[in-house]
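> Numbering (the numbering used here), first residue to last: 1 to 282.
No wet-lab data here; the hints were simulated from the structure. Honestly, I wouldn't trust all of these hints.
[Unchecked claim] Computed cross-link-like contacts, EDC-like style, restricted to lysine to aspartate or glutamate with a CA-CA straight-line distance of at most 20 Å: (1) LYS100 - GLU212; (2) LYS162 - GLU212; (3) LYS129 - ASP228.
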Amino acid sequence: MSEGTMQRRVQRDDDQRPQRAGRAKRRGRALVGVAAVPVMLIAAGCSSDSGSGDDAKQSSESAASASASPSPTVRAAVYDTLPEPCGMLAKKTLEDLVPKGTKGKEGPSDDTATRANCSWSSLDNNGVKGSQFRWLNVSLLRFDSDVTRGAGDERAREYYAKQVEDAQAVADAKNTKAEPVSGTGDEATLIRYDLKKKEGSFKQQTVVTRVENVVITLDYNGAGLAGDKTPDADDLAKAATKAAKEAVGAVTETKGAADGDAATDGASSSAPSSASPSAEKG
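Sequences and hints are given; from them, build the entire structure.
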């Protein structure tokens, strides 16, 4: 190879060396850029995971807050039982209202702590002068407190109002009157009317009373049969009101009895044992 030819090849190599160096530099920058892509993706992934964790934490805190919210409550009913229906009235009271029928007949009930009633019937036969008829019935209905239906006394108040309304809407009743009764439970109403039947003319007295969550409905009527005179409506009303007050007293006594039983049970459970375990071992 001639000297001129060698010089030209060297010169070409010299001319091409900067170009190769430039291409290598550009490839290096490209590789650096490619290497940076995974780093950015990793960083983006970490940022995304951090947001998901915050959302999960917020959801957990919200759920905990919801579970910690208080459940709905309703005030407890005062009375949780009823008195024995045929034992509510004193013997003297029964002798005045139903002199010939002081032994009551208890009505059927599937839960006597919630619903109870007793009735008495009296027929005083005076022979050719006729006879005096009396009928007495006492019904009790107790309402428990319920979160969905309300407090027991509120439910009893609604039932009380309905009983008063129904007593004034008896078919064929005449001279119907309603008046409040004081000193008998939390609220009481006396409904009076006349009712003509084939047996005679009946004087009806109905006393509806509410004491806290218990409603008492007392029905008392009288008639003179077979020609005997019709009883005085005012006398019947006084007797019915007296009996209603006694029935209220019987209901309130159940609360005192329950409190006394609770106190006795508490005293029994807190009383020290007569012998300690170590003494028993000895």
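> None of the hints should be skipped; say for each whether it holds.
Hints and how they fare:
1. LYS100 - GLU212: 34 Å, violated
2. LYS162 - GLU212: This hinted pair holds, its Cα atoms lying about 16 Å apart.
3. LYS129 - ASP228: 6 Å, holds
Checked against the numbered hints listed earlier, the structure breaks hint 1 alone; every other hint is satisfied.
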